[in-house]
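Chemist: Just so you know, the sequences run in chain order A and B.
Reminder that position 82 of the first sequence reads as 93 in our numbering, one-by-one numbering, no gaps.
Reminder that position 22 of the second sequence reads as 35 in our numbering, one-by-one numbering, no gaps.
Please note: incorrect hints may appear among the correct ones.
Calculated cross-link-like contacts (lysine to any residue; reagent style SDA-like; alpha-carbon spacing at most 25 Å) [as the list claims (entries may be wrong)]:
hint : chain 1 : residue 1 : chain 2 : residue 2
1    : B       : Lys-70    : A       : Gln-14
2    : A       : Lys-16    : B       : Thr-51
3    : B       : Lys-24    : A       : Lys-67
4    : A       : Lys-82    : B       : Gly-53
5    : A       : Lys-82    : A       : Thr-118
6    : A       : Lys-79    : B       : Glu-113
7    : A       : Lys-67    : A       : Ala-105
8    : A       : Lys-65    : A       : Tyr-50
9    : A       : Lys-16    : B       : Lys-70
10   : B       : Lys-70    : B       : Gln-30
11   : A       : Lys-16    : B       : Lys-24
12   : A       : Lys-65    : A       : Tyr-43
13   : B       : Lys-70    : A       : Thr-115
14   : A       : Lys-16    : B       : Gln-30
15   : B       : Lys-70    : A       : Asp-42
Reference excerpt, derived from the structure (chain A facing chain B, CB under 10 Å, subset only) [claimed, not checked]:
hint : residue
16   : Gln-17
17   : Leu-45
18   : Gly-54
19   : Thr-56
20   : Ile-64
21   : Gly-71
22   : Phe-73
23   : Phe-76
24   : Ser-80
25   : Pro-90
26   : Pro-93
27   : Cys-101
28   : Lys-113
29   : Phe-116
I should point out that these hints are in silico values taken from the structure, not numbers from a laboratory.
This structure is a prediction, so every number in the text was calculated from the model and none was measured.
A virtual CB, placed ideally from N, CA and C, is assigned to each residue, including glycine.
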Amino acid sequence: DQQVKQNSPSLSVQEGRISILNCDYTNSMFDYFLWYKKYPAEGPTFLISISSIKDKNEDGRFTVFLNKSAKHLSLHIVPSQPGDSAVYFCAASAIRTGTASKLTFGTGTRLQVTL
Amino acid sequence: DTGVSQNPRHKITKRGQNVTFRCDPISEHNRLYWYRQTLGQGPEFLTYFQNEAQLEKSRLLSDRFSAERPKGSFSTLEIQRTEQGDSAMYLCASTLDSYEKLFFGSGTQLSVL
């Protein structure tokens, strides 16, 4: 049972344009969401997070939007840069259960930013 | 570099052999996690420690798997009688407390022939 789903395995975007990566979840206990970026042969690195009490969080070029009623979140990267090319994982956890850092990951979306 | 360190980076073994991986977390972090990632999938939770206590194990962690964190610092993950299905990237992560983001190591890539 895939509780966190990333339905697009890959995405190609031109440099300077907006990248939008999507994520859906099914477990209503999830109340904390994160995006991790992963380069080949490296571990995932934290990018941005959002709590369920918010519907938007920004950090520089990265913005995460949360739609709790739809159980959907998205990561916007603008403007996209070639260095953003990586696999992006959506992850979720349940703070209210006291295991905020036990993460459930999606299957990832490979973003390629072309020149 | 004070990040999470994992050794070895790569391990090739024959089916039926035992393997052990080591993880050194960020020094002040008291929570340590093991995840497994197979091709095309996201990392899957295996187990975690708070200090030296192993607090939760996933049902993915069969009896052939054992993890320890003897002094609340480094951790080892042992797989006995390896099977080809154990081939995966084994990731270690640490955090200061349960409400902080995880910091991941670069992983150990296991190939079982």
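Chemist: Could you check the structure against the hints above and give me the numbers of any it violates, in ascending order?
Modeler: Of the numbered hints given earlier, those the structure breaks are 3, 8, 11, 14, 20, 21, 22, 23, 24, 25 and 26, listed in rising order.
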